[in-house]
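Chains as they are written, first to last, in full-length UniProt numbering: chain A, 1 to 466; chain B, 1 to 466.
Read the hints as simulated data drawn from the structure, not as lab findings. Do not rely on the hints blindly, as some may be mistaken.
Stated by the list, open to error - Some chain A residues flagged as far from chain B (calculated, every beta-carbon gap over 12 Å):
| hint | residue |
| --- | --- |
| 1 | Asp30 |
| 2 | Asp201 |
| 3 | His207 |
| 4 | Gly270 |
| 5 | Asp278 |
| 6 | Arg305 |
| 7 | Glu372 |
Claimed, not checked - From the structure, some residues in chain B lie toward chain A, with a derived Cβ separation under 8 Å:
| hint | residue |
| --- | --- |
| 8 | Ser46 |
| 9 | Pro381 |
| 10 | Ala383 |
| 11 | Arg384 |
| 12 | Thr387 |
Bear in mind that the values here come from a model prediction, so they are computed numbers and not experimental data. Note that beta-carbon positions come from the ideal geometry of N, C-alpha and C, so glycine has one too.
One-letter residues, chain by chain:
2 protein chains.
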Amino acid sequence: MAAPRRMVIIGGDATGMSAASRARRLKGPDELEITAFERSSFASYSACGIPYWVGGVVDGPEALIARTPEEHRARDIDLRLRTEVTAIETGRQRVRVRDLDHPGPGAERWVGYDDLVIATGARPLRPEIPGIDAQGVYGVQTLDDGRALAESLGERAEGVRAVVVGAGYIGVEMAEALRRRGCHVTVVERDEQPMSTLDPDMGRLVHETMGEFGIETVTGAEVTEVRTGDDGRVRAVCTKDGEYPADLVVLGLGVRPETTLAREAGLPLGSSGGLLTDLAMRVRGREDIWAGGDCVEVLDLVSGRSRHVALGTHANKHGQVIGTNVGGGYATFPGVVGTAVSKICELEIARTGLLEAEARAAGLQFVTVTTESTSRSGYYPGARSMTVKMLAERRTGRLLGVQIVGREGAGKRVDVAAVALTAGMTVERMTSLDLGYAPPFSPVWDPVLVAARRAAAEVSRDLRGR
Amino acid sequence: MAAPRRMVIIGGDATGMSAASRARRLKGPDELEITAFERSSFASYSACGIPYWVGGVVDGPEALIARTPEEHRARDIDLRLRTEVTAIETGRQRVRVRDLDHPGPGAERWVGYDDLVIATGARPLRPEIPGIDAQGVYGVQTLDDGRALAESLGERAEGVRAVVVGAGYIGVEMAEALRRRGCHVTVVERDEQPMSTLDPDMGRLVHETMGEFGIETVTGAEVTEVRTGDDGRVRAVCTKDGEYPADLVVLGLGVRPETTLAREAGLPLGSSGGLLTDLAMRVRGREDIWAGGDCVEVLDLVSGRSRHVALGTHANKHGQVIGTNVGGGYATFPGVVGTAVSKICELEIARTGLLEAEARAAGLQFVTVTTESTSRSGYYPGARSMTVKMLAERRTGRLLGVQIVGREGAGKRVDVAAVALTAGMTVERMTSLDLGYAPPFSPVWDPVLVAARRAAAEVSRDLRGR
Numbered sequence: 001m002a003a004p005r006r007m008v009i010i011g012g013d014a015t016g017m018s019a020a021s022r023a024r025r026l027k028g029p030d031e032l033e034i035t036a037f038e039r040s041s042f043a044s045y046s047a048c049g050i051p052y053w054v055g056g057v058v059d060g061p062e063a064l065i066a067r068t069p070e071e072h073r074a075r076d077i078d079l080r081l082r083t084e085v086t087a088i089e090t091g092r093q094r095v096r097v098r099d100l101d102h103p104g105p106g107a108e109r110w111v112g113y114d115d116l117v118i119a120t121g122a123r124p125l126r127p128e129i130p131g132i133d134a135q136g137v138y139g140v141q142t143l144d145d146g147r148a149l150a151e152s153l154g155e156r157a158e159g160v161r162a163v164v165v166g167a168g169y170i171g172v173e174m175a176e177a178l179r180r181r182g183c184h185v186t187v188v189e190r191d192e193q194p195m196s197t198l199d200p201d202m203g204r205l206v207h208e209t210m211g212e213f214g215i216e217t218v219t220g221a222e223v224t225e226v227r228t229g230d231d232g233r234v235r236a237v238c239t240k241d242g243e244y245p246a247d248l249v250v251l252g253l254g255v256r257p258e259t260t261l262a263r264e265a266g267l268p269l270g271s272s273g274g275l276l277t278d279l280a281m282r283v284r285g286r287e288d289i290w291a292g293g294d295c296v297e298v299l300d301l302v303s304g305r306s307r308h309v310a311l312g313t314h315a316n317k318h319g320q321v322i323g324t325n326v327g328g329g330y331a332t333f334p335g336v337v338g339t340a341v342s343k344i345c346e347l348e349i350a351r352t353g354l355l356e357a358e359a360r361a362a363g364l365q366f367v368t369v370t371t372e373s374t375s376r377s378g379y380y381p382g383a384r385s386m387t388v389k390m391l392a393e394r395r396t397g398r399l400l401g402v403q404i405v406g407r408e409g410a411g412k413r414v415d416v417a418a419v420a421l422t423a424g425m426t427v428e429r430m431t432s433l434d435l436g437y438a439p440p441f442s443p444v445w446d447p448v449l450v451a452a453r454r455a456a457a458e459v460s461r462d463l464r465g466r
Numbered sequence: 001m002a003a004p005r006r007m008v009i010i011g012g013d014a015t016g017m018s019a020a021s022r023a024r025r026l027k028g029p030d031e032l033e034i035t036a037f038e039r040s041s042f043a044s045y046s047a048c049g050i051p052y053w054v055g056g057v058v059d060g061p062e063a064l065i066a067r068t069p070e071e072h073r074a075r076d077i078d079l080r081l082r083t084e085v086t087a088i089e090t091g092r093q094r095v096r097v098r099d100l101d102h103p104g105p106g107a108e109r110w111v112g113y114d115d116l117v118i119a120t121g122a123r124p125l126r127p128e129i130p131g132i133d134a135q136g137v138y139g140v141q142t143l144d145d146g147r148a149l150a151e152s153l154g155e156r157a158e159g160v161r162a163v164v165v166g167a168g169y170i171g172v173e174m175a176e177a178l179r180r181r182g183c184h185v186t187v188v189e190r191d192e193q194p195m196s197t198l199d200p201d202m203g204r205l206v207h208e209t210m211g212e213f214g215i216e217t218v219t220g221a222e223v224t225e226v227r228t229g230d231d232g233r234v235r236a237v238c239t240k241d242g243e244y245p246a247d248l249v250v251l252g253l254g255v256r257p258e259t260t261l262a263r264e265a266g267l268p269l270g271s272s273g274g275l276l277t278d279l280a281m282r283v284r285g286r287e288d289i290w291a292g293g294d295c296v297e298v299l300d301l302v303s304g305r306s307r308h309v310a311l312g313t314h315a316n317k318h319g320q321v322i323g324t325n326v327g328g329g330y331a332t333f334p335g336v337v338g339t340a341v342s343k344i345c346e347l348e349i350a351r352t353g354l355l356e357a358e359a360r361a362a363g364l365q366f367v368t369v370t371t372e373s374t375s376r377s378g379y380y381p382g383a384r385s386m387t388v389k390m391l392a393e394r395r396t397g398r399l400l401g402v403q404i405v406g407r408e409g410a411g412k413r414v415d416v417a418a419v420a421l422t423a424g425m426t427v428e429r430m431t432s433l434d435l436g437y438a439p440p441f442s443p444v445w446d447p448v449l450v451a452a453r454r455a456a457a458e459v460s461r462d463l464r465g466r
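With the hints as constraints, model all of the structure from the sequences given.
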């Protein structure tokens with residue numbers, strides 16, 4: 001009998017362990033040996049759950065772990081925690097690994113592979129400013145980060161002054177979490193509006209509402225320093241125009257692909273620094289190396305460009321595709337349309353497709369409409385208002401993007417637009433979509449249809465030269 | 001100046017008044033004269049809201065009226081309530097109308113039209129059994145019906161024994177309403193499971209849950225008689241096998257197109273009795289007659305057949321299309337995919353596309369999968385389980401239908417499948433749909449994607465001959 005093929009995985013989170021599980025389902029240990037190296041203390045966890053752990057909404061970290069190392073090992077997946085890959089040698093098909101718990105001579109060794117999966121994830125942005133490494137400054141990327149922050153808050157969160165740097169998804173989710181724990185929360189954002197994943201006019205709606213939730217938001221403010229006391233602990237966050245007292249600081253500035261190893265190995269990277277792959281998630285030009293999750297760029301199906309999108313749902317899909325292909329099957333990941341949904345307290349925030357600036361950068365011309373509607377029939381209790389903004393291409397009327405800001409029932413409505421984008425629908429076609437209607441679920445014209453009607457009218461008006 | 005064209009509308013509810021409003025927006029009174037005849041006391045109302053009015057969830061009937069007669073008249077739409085059209089004379093382009101409040105000689109007159117809109121809606125099914133017209137038997141089709149039932153319940157609903165005949169959408173919604181008012185509720189259904197708009201295996205889930213809500217459900221039971229007392233009031237509902245004491249009876253047996261006038265005028269009807277139209281909602285073969293809403297058949301885009309679907313959301317879209325076309329614009333209604341959503345107490349029930357029996361009747365062969373999943377990440381508070389059943393065509397893998405039964409967050413997920421059906425997507429393509437993900441909104445694999453993955457695997461297995 002031939003020796004089993006060797007599948008080696010760098011990174012034991014969503015992509016890596018999904019790939020491992022899927023490949024194992026297709027091939028037994030006689031045919032495929034699977035080894036996964038993870039440098040942190042945790043594998044197969046939901047980093048997206050960290051804000052809810054910190055906020056006391058869920059018990060961490062156990063609840064956030066989808067599958068324990070023991071469960072993986074029981075399926076003949078050799079998962080090594082606290083083990084870092086320090087180099088990839090593509091020519092000799094091997095990686096160098098280091099045991100972080102037993103440093104010193106003998107801690108490093110080479111491991112050969114037939115199929116290598118790079119699932120190294122992303123690293124949070126840290127501005128290079130004085131004090132950024134002070135005690136009391138926290139990231140929220142790994143469960144180790146989450147634990148540090150949760151332990152720091154301990155029982156004494158009430159009245160703690162917390163400054164969140166960055167008002168993107170992670171920033172607003174952390175702001176909610178800290179507010180929920182009773183902290184005084186200030187969010188400091190460089191752009192003119194929070195949520196730069198929305199157009200500024202939609203971001204303004206988020207800004208206005210954050211105040212209602214008792215969260216102070218400072219915009220147009222670049223952080224220049226984290227001021228510390230004599231004890232080395234955080235005292236304040238400084239911008240050009242002001243200073244915000246802080247007992248703790250949370251960095252929510254977004255992430256970049258973690259591709260140091262890949263770059264050193266000479267693998268192809270895109271403009272965001274993410275690995276470039278083909279549709280089967282094989283690293284471009286390499287037969288035996290696969291990559292997925294937060295360390296790759298993906299095709300944006302609306303703009304036709306490659307982009308970096310760090311989201312657990314994509315990471316899981318990539319793992320599924322890689323595992324299928326390594327396991328001898330066939331699967332592809334066709335790309336994304338740029339869907340994201342989040343909430344801050346009761347406000348739901350969602351987008352799919354392109355923002356105005358993104359559409360312009362892609363060379364597209366478009367019309368926009370912004371409509372107000374409700375989540376349920378106006379007369380039904382609990383009907384809440386929502387704002388839907390829609391972009392449609394000039395002349396063709398093709399849907400280009402949707403942004404939604406509203407209360408309960410708003411966020412997931414973006415899925416309708418996500419599917420319509422995937423199908424390349426025009427806004428005119430969308431006006432007759434057969435969406436579920438009953439008074440507790442929707443007005444007789446669903447908010448997405450209201451926007452589509454207005455957008456279709458606007459496309460016509462534009463065609464007629466107004 | 002030429003005399004204005006005359007638009008005459010039969011039926012002043014969703015289709016009729018939407019058509020009127022839309023046409024008026026496109027053409028002023030100098031160009032278009034608009035007259036609408038409505039035989040009941042109300043126009044432009046949400047019949048779908050009646051269960052919530054009866055249940056005391058909303059205040060009726062005012063809350064259910066989208067636009068008052070005065071508002072219509074202020075826009076030069078001549079709405080005549082309590083005025084019935086008794087005949088259509090297509091050759092002479094005129095209708096005969098009767099003033100119901102001033103009977104006797106002179107109550108009838110002829111009114112000429114250039115464009116006629118037939119929006120006569122539907123009539124509830126009433127089995128021809130003894131006692132069906134007894135005092136205490138209520139329909140739920142019009143606001144007049146709703147008022148009669150609401151007044152009958154008055155303040156004394158607690159403990160009243162109510163029997164609902166029929167466990168379709170209207171039946172279960174009325175069961176919830178009456179339960180909410182404190183009635184003892186028994187639902188009697190002819191089929192083996194409630195919700196015959198679902199496959200029986202999914203209907204069984206509804207059946208099991210209705211008991212939890214304190215609603216007794218009797219299935220496989222055809223009503224043979226409504227037994228009355230000496231005072232002529234309802235006493236019980238009788239089936240072949242039993243007798244169910246009743247202080248009041250609600251008929252929730254569904255509806256049929258109300259097309260008596262159209263049939264007498266020789267207009268073309270389909271097998272369900274609904275008017276047949278072209279895609280612009282013009283009655284087939286007629287240049288000057290339009291029809292829409294509950295009185296027409298529509299194209300089912302999945303089966304390719306014509307069918308009757310009585311839903312306010314379609315009625316509004318039809319009105320919009322007719323109004324645009326009569327007003328000199330151009331619009332079409334391409335058809336439906338069969339989406340419907342409803343709730344009974346906390347249970348959400350949704351479907352789109354074809355049931356197993358419907359797919360078979362259309363000559364389609366298919367595979368089915370049924371999956372369990374949750375509305376949010378499993379660790380996030382409020383995550384509730386839901387069951388998703390999916391039908392996909394053999395060989396091609398084209399999505400044919402989805403049914404969902406679950407708690408909060410289940411129902412509207414059917415919209416994703418509705419758009420995918422409209423786009424003719426395969427279940428394989430659906431597995432990579434970019435749906436909104438964040439722990440409060442969805443597990444990392446949305447329930448619809450979980451079902452699509454399983455369905456795609458099943459299509460492959462079937463192709464390989466298992």
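Hints and how they fare:
no.: 1; hint: Asp30; result: 22 Å, holds
no.: 2; hint: Asp201; result: 21 Å, holds
no.: 3; hint: His207; result: 20 Å, holds
no.: 4; hint: Gly270; result: 19 Å, holds
no.: 5; hint: Asp278; result: 15 Å, holds
no.: 6; hint: Arg305; result: 15 Å, holds
no.: 7; hint: Glu372; result: 16 Å, holds
no.: 8; hint: Ser46; result: 7 Å, holds
no.: 9; hint: Pro381; result: 6 Å, holds
no.: 10; hint: Ala383; result: 10 Å, violated
no.: 11; hint: Arg384; result: 14 Å, violated
no.: 12; hint: Thr387; result: 16 Å, violated
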